[in-house]
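If you want the building blocks of each chain, they are given just below.
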Amino acid sequence: DTGVSQDPRHKITKRGQNVTFRCDPISEHNRLYWYRQTLGQGPEFLTYFQNEAQLEKSRLLSDRFSAERPKGSFSTLEIQRTEQGDSAMYLCASSSDTTRGYEQYFGPGTRLTVT
Amino acid sequence: AQTVTQSQPEMSVQEAETVTLSCTYDTSESNYYLFWYKQPPSRQMILVIRQEAYKQQNATENRFSVNFQKAAKSFSLKISDSQLGDTAMYFCAFITQGGSEKLVFGKGTKLTVNP
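These protein sequences, in sequence, are chains G and Y.
In terms of this note's numbering, the first sequence is residues 1058 to 1172.
In terms of this note's numbering, the second sequence is residues 3 to 117.
Hint data in this document are derived by calculation from the structure and do not stem from the laboratory.
Certain hints may be false.
[What the hints assert, rightly or not] DSSO-like mimics (lysine-lysine), calculated; alpha carbons at most 27 Å apart, straight line:
hint: 1; chain 1: Y; residue 1: Lys-112; chain 2: Y; residue 2: Lys-80
hint: 2; chain 1: Y; residue 1: Lys-109; chain 2: Y; residue 2: Lys-57
hint: 3; chain 1: Y; residue 1: Lys-109; chain 2: G; residue 2: Lys-1114
hint: 4; chain 1: Y; residue 1: Lys-109; chain 2: G; residue 2: Lys-1068
hint: 5; chain 1: Y; residue 1: Lys-72; chain 2: Y; residue 2: Lys-109
hint: 6; chain 1: G; residue 1: Lys-1068; chain 2: G; residue 2: Lys-1128
hint: 7; chain 1: Y; residue 1: Lys-112; chain 2: G; residue 2: Lys-1068
hint: 8; chain 1: Y; residue 1: Lys-57; chain 2: Y; residue 2: Lys-75
Kindly produce the complete structure, drawing on both the sequences and the hints.
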């Protein structure tokens, strides 16, 4: 069990550019979540995958955001035409149908700074 | 609406002493799980303790225990024998059983343990 990994850990981009983040869940976990955490706030849910199917999306996930999970393994989160308001920590978490008590395991996050 | 309120933005405690972090939540669901997550500075979020709403007995994990008052929708965390390594942001969260897969977080309490 190597834990949830995210890449990159930090990303600085200019407004208007596109960025893509990757999340590798714990290998046997079929559920994958993306959250966004801004300074001084708790994480806010963005989207959820069960295997390769995206089953739930938050209204926070504007049309500039897209997430995929091909083959039900790793996931990518892409932000197009970044805005300064997109600056945040993007957290990935995973769990399985057998995870005790709905516990989600979090990755270290990708900190995005839009200049 | 589903919300979590942590009324203490910051707290401090002396090493070896006991501290209690407050949390109230709001949900119309009757079956859910409650969590306290710890996020150390620049490190990933980890689960501290979990409580099933259908259980009356308060959960304990070593030095960590909760006071769960379902009628009052209150879920406080007590840390006994505080250690320097307990310094972190603490987030209260819940997830409903059989409903949305998202964790709903509070804004967090920044706990500092002083030597």
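Each hint, compared with the structure:
no.	hint	result
1	Y/Lys-112 <-> Y/Lys-80	14 Å, holds
2	Y/Lys-109 <-> Y/Lys-57	26 Å, holds
3	Y/Lys-109 <-> G/Lys-1114	21 Å, holds
4	Y/Lys-109 <-> G/Lys-1068	24 Å, holds
5	Y/Lys-72 <-> Y/Lys-109	21 Å, holds
6	G/Lys-1068 <-> G/Lys-1128	26 Å, holds
7	Y/Lys-112 <-> G/Lys-1068	25 Å, holds
8	Y/Lys-57 <-> Y/Lys-75	14 Å, holds
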